[in-house]
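Protein sequences appear in the order of chains A and B. So the first sequence is numbered by the working numbering: it starts at 1 and just counts up by one. So the second sequence is numbered by the working numbering: it starts at 142 and just counts up by one.
Hints listed in this document are in silico derivations from the structure and should not be mistaken for laboratory results. Careful, some of the hints might be misleading.
To be verified - Result set (EDC-like, lysine to aspartate or glutamate): computed pairs, CA atoms no more than 16 Å apart in a straight line: (1) Lys315/B / Glu338/B; (2) Lys553/B / Asp9/A; (3) Lys224/B / Asp440/B; (4) Lys552/B / Asp9/A; (5) Lys81/A / Glu101/A; (6) Lys286/B / Asp263/B; (7) Lys4/A / Glu97/A; (8) Lys118/A / Asp28/A; (9) Lys118/A / Glu92/A; (10) Lys4/A / Asp263/B; (11) Lys553/B / Asp13/A; (12) Lys230/B / Glu338/B.
Claimed, not checked - Here are some chain A residues the structure puts well away from chain B; computed CB gaps all over 12 Å: (13) Lys4; (14) Arg19; (15) Asp28; (16) Val30; (17) Gly34; (18) Gly80; (19) Arg100; (20) Arg108; (21) Asn115; (22) Tyr124; (23) Gly127; (24) Arg131; (25) Ala134.
Stated by the list, open to error - Examples of chain B residues toward chain A, derived with CB under 8 Å: (26) Ala337; (27) His340; (28) Ala459; (29) His493; (30) Asp496; (31) Ala507; (32) Asn523.
Every residue, glycine too, gets a C-beta built ideally from N, C-alpha and C.
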Amino acid sequence: MNDKQAFIDFILDHYQNPRNRGALAEPDIVMKGGNPGCGDIVTMYLRLDGDERIAGVSFEGEGCTISQAAASIMTGKVLGKPLAEVSQLGAETVVDEMGRELVANRLRCATLALNTLKAAGKKYRAGQAARSAAEAQIEDF
Amino acid sequence: MDSARVDSMEAVAARRSDFPALAREVRPGVPLIYLDSTATSQKPLAVIEAMDRYYRQSNANVHRGIHTLAEEATALYEGGREKVRALIKAQSVREVIFTRNATESINLVAYTWGRANIKPRDLIVYTEMEHHSNLVPWQMLAAEKGAEVRAVPVTEDGELDRAALMALLARRPKLVCVTHMSNVLGTINPITEIAAEAHTVGALVLVDAAQSVPHLPVDVQTLGADFLAFSGHKMCGPTGIGVLWGRQSVLEGMPPFLGGGDMIRRVHLYDFKPNDLPYKFEAGTPPIAEAVGLGAAVDYLNSIGMDAIQAHEQTITAYALERLEEVPGVRVYGPAAERRGGVAAFSVAGVHPHDVAQILDRFGVAVRAGHHCAMPLHDRYNLPATTRASFYLYSTLADVDRLIDGLYQVKKVFG
Numbered sequence: 001m002n003d004k005q006a007f008i009d010f011i012l013d014h015y016q017n018p019r020n021r022g023a024l025a026e027p028d029i030v031m032k033g034g035n036p037g038c039g040d041i042v043t044m045y046l047r048l049d050g051d052e053r054i055a056g057v058s059f060e061g062e063g064c065t066i067s068q069a070a071a072s073i074m075t076g077k078v079l080g081k082p083l084a085e086v087s088q089l090g091a092e093t094v095v096d097e098m099g100r101e102l103v104a105n106r107l108r109c110a111t112l113a114l115n116t117l118k119a120a121g122k123k124y125r126a127g128q129a130a131r132s133a134a135e136a137q138i139e140d141f
Numbered sequence: 142m143d144s145a146r147v148d149s150m151e152a153v154a155a156r157r158s159d160f161p162a163l164a165r166e167v168r169p170g171v172p173l174i175y176l177d178s179t180a181t182s183q184k185p186l187a188v189i190e191a192m193d194r195y196y197r198q199s200n201a202n203v204h205r206g207i208h209t210l211a212e213e214a215t216a217l218y219e220g221g222r223e224k225v226r227a228l229i230k231a232q233s234v235r236e237v238i239f240t241r242n243a244t245e246s247i248n249l250v251a252y253t254w255g256r257a258n259i260k261p262r263d264l265i266v267y268t269e270m271e272h273h274s275n276l277v278p279w280q281m282l283a284a285e286k287g288a289e290v291r292a293v294p295v296t297e298d299g300e301l302d303r304a305a306l307m308a309l310l311a312r313r314p315k316l317v318c319v320t321h322m323s324n325v326l327g328t329i330n331p332i333t334e335i336a337a338e339a340h341t342v343g344a345l346v347l348v349d350a351a352q353s354v355p356h357l358p359v360d361v362q363t364l365g366a367d368f369l370a371f372s373g374h375k376m377c378g379p380t381g382i383g384v385l386w387g388r389q390s391v392l393e394g395m396p397p398f399l400g401g402g403d404m405i406r407r408v409h410l411y412d413f414k415p416n417d418l419p420y421k422f423e424a425g426t427p428p429i430a431e432a433v434g435l436g437a438a439v440d441y442l443n444s445i446g447m448d449a450i451q452a453h454e455q456t457i458t459a460y461a462l463e464r465l466e467e468v469p470g471v472r473v474y475g476p477a478a479e480r481r482g483g484v485a486a487f488s489v490a491g492v493h494p495h496d497v498a499q500i501l502d503r504f505g506v507a508v509r510a511g512h513h514c515a516m517p518l519h520d521r522y523n524l525p526a527t528t529r530a531s532f533y534l535y536s537t538l539a540d541v542d543r544l545i546d547g548l549y550q551v552k553k554v555f556g
């Protein structure tokens, strides 16, 4: 119970005092995510350094405690990490951070921010591919 | 508290012992307070045992065998149909079609009557308070046929905008689809009046009765609609069976739904003749045990009486609305208690419905949080979701008290 109460306090703290909330100036990637089933939404902002490490991260959003606290927690978790590493993170990361007992039946809410971060990584890669394809085409001429 | 109410509460206490699930604890020391019957009802022992007995003693396929078990199974299956017919006062068992659930019943109409009768630019009318199951099939049909769908708006206090309905009827729609009772607002719509108005312009009327048949007396003769769809699992019966009632003359004119065994009279190598009603719409081995269970559920409901069930739920709902209003920050959506069924969807200021439901669950109180398959209705109130408590024949005033206690705990956590 103590353990559970600690997780509850941790989650409520992140919900009521969110870290890294608000739009990021000059982001490299902006990605929106949402759970249509419950109306949770988050927008993740990412800025990368030259080594594709996350040099800046923030979020905006609206929704339940779990989804918004998870977004706040995840910004702290991924800051400074290589983008490629974030793409490898699984739901377990979030569950471990937030307490299995509390989020086991709320996985969609808990993983919304993580999945949006991963989608942001994909979007960035797709953009890169498109850019290099465009460059390749230009070279062809 | 008047004596009638006390008597009824004593009867309810006895009735609760018919439902094994209501006796369980969700965690050691935390009894279950089940306030999610609008999603699905709990099952009385009589239903569980009827299905168990069927499988132990009479299990066989229906409408085929000459052997004893096949005859028993057929009699039990058709017995379930007769009980449903009597419950809704249909003229004939030929008008009672077994489906998988209310959703499939509505889709059956869209796929058969709809495909045969809806033409480009035809108008289909539904309402803003419909469950997705009475919206999406019509959107799909309209997209396929190039037809138009228009929704009757819902007023701020959760009633249908009748003037807007009249204006849409003036455009002579082919079909009007309307819920008998909203699964979010609890609004009970005046189907008899709406059906009469729709018929004057030649429209057929389909009623989603998933929330009404379990909770109040429904008489298809009085309602005057053309189709009525409902599910077994919301009325003390099992999952996997639903009912489509249709007016016989309309059903006879409709092409079959799914093709296969049982729905045919004669099959040739390159064509077939469909079977008579209701089998024309029941392809393949039907939900036999489920029909037996549904029959037992109808018997159970009748043993209490649909009038008594509705009166009991009204008592509980009036008390729930009264108590919910006293909790600061709680807003209940929908009409006054006397104009609604046993549903209370509400919001708690500053707390997301999922969080409300999760904290209530810690106290054993089972409610539903979300859009309750009615996203357009939530859009209308600018809400992403609500928390919904719903009541049934086994709900008590004490259940409501536990809900309110839980809501004060919610406010404490988010204080």
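Each hint tested on the structure:
{"no.": "1", "hint": "Lys315/B / Glu338/B", "verdict": "holds (13 Å)"}
{"no.": "2", "hint": "Lys553/B / Asp9/A", "verdict": "holds (13 Å)"}
{"no.": "3", "hint": "Lys224/B / Asp440/B", "verdict": "holds (8 Å)"}
{"no.": "4", "hint": "Lys552/B / Asp9/A", "verdict": "holds (15 Å)"}
{"no.": "5", "hint": "Lys81/A / Glu101/A", "verdict": "violated (27 Å)"}
{"no.": "6", "hint": "Lys286/B / Asp263/B", "verdict": "holds (9 Å)"}
{"no.": "7", "hint": "Lys4/A / Glu97/A", "verdict": "holds (12 Å)"}
{"no.": "8", "hint": "Lys118/A / Asp28/A", "verdict": "holds (14 Å)"}
{"no.": "9", "hint": "Lys118/A / Glu92/A", "verdict": "holds (14 Å)"}
{"no.": "10", "hint": "Lys4/A / Asp263/B", "verdict": "violated (58 Å)"}
{"no.": "11", "hint": "Lys553/B / Asp13/A", "verdict": "holds (15 Å)"}
{"no.": "12", "hint": "Lys230/B / Glu338/B", "verdict": "violated (22 Å)"}
{"no.": "13", "hint": "Lys4", "verdict": "violated (10 Å)"}
{"no.": "14", "hint": "Arg19", "verdict": "holds (19 Å)"}
{"no.": "15", "hint": "Asp28", "verdict": "holds (29 Å)"}
{"no.": "16", "hint": "Val30", "verdict": "holds (22 Å)"}
{"no.": "17", "hint": "Gly34", "verdict": "violated (10 Å)"}
{"no.": "18", "hint": "Gly80", "verdict": "holds (30 Å)"}
{"no.": "19", "hint": "Arg100", "verdict": "holds (14 Å)"}
{"no.": "20", "hint": "Arg108", "verdict": "violated (10 Å)"}
{"no.": "21", "hint": "Asn115", "verdict": "holds (17 Å)"}
{"no.": "22", "hint": "Tyr124", "verdict": "holds (29 Å)"}
{"no.": "23", "hint": "Gly127", "verdict": "holds (30 Å)"}
{"no.": "24", "hint": "Arg131", "verdict": "holds (36 Å)"}
{"no.": "25", "hint": "Ala134", "verdict": "holds (36 Å)"}
{"no.": "26", "hint": "Ala337", "verdict": "violated (38 Å)"}
{"no.": "27", "hint": "His340", "verdict": "violated (37 Å)"}
{"no.": "28", "hint": "Ala459", "verdict": "violated (30 Å)"}
{"no.": "29", "hint": "His493", "verdict": "holds (4 Å)"}
{"no.": "30", "hint": "Asp496", "verdict": "holds (5 Å)"}
{"no.": "31", "hint": "Ala507", "verdict": "violated (12 Å)"}
{"no.": "32", "hint": "Asn523", "verdict": "violated (11 Å)"}
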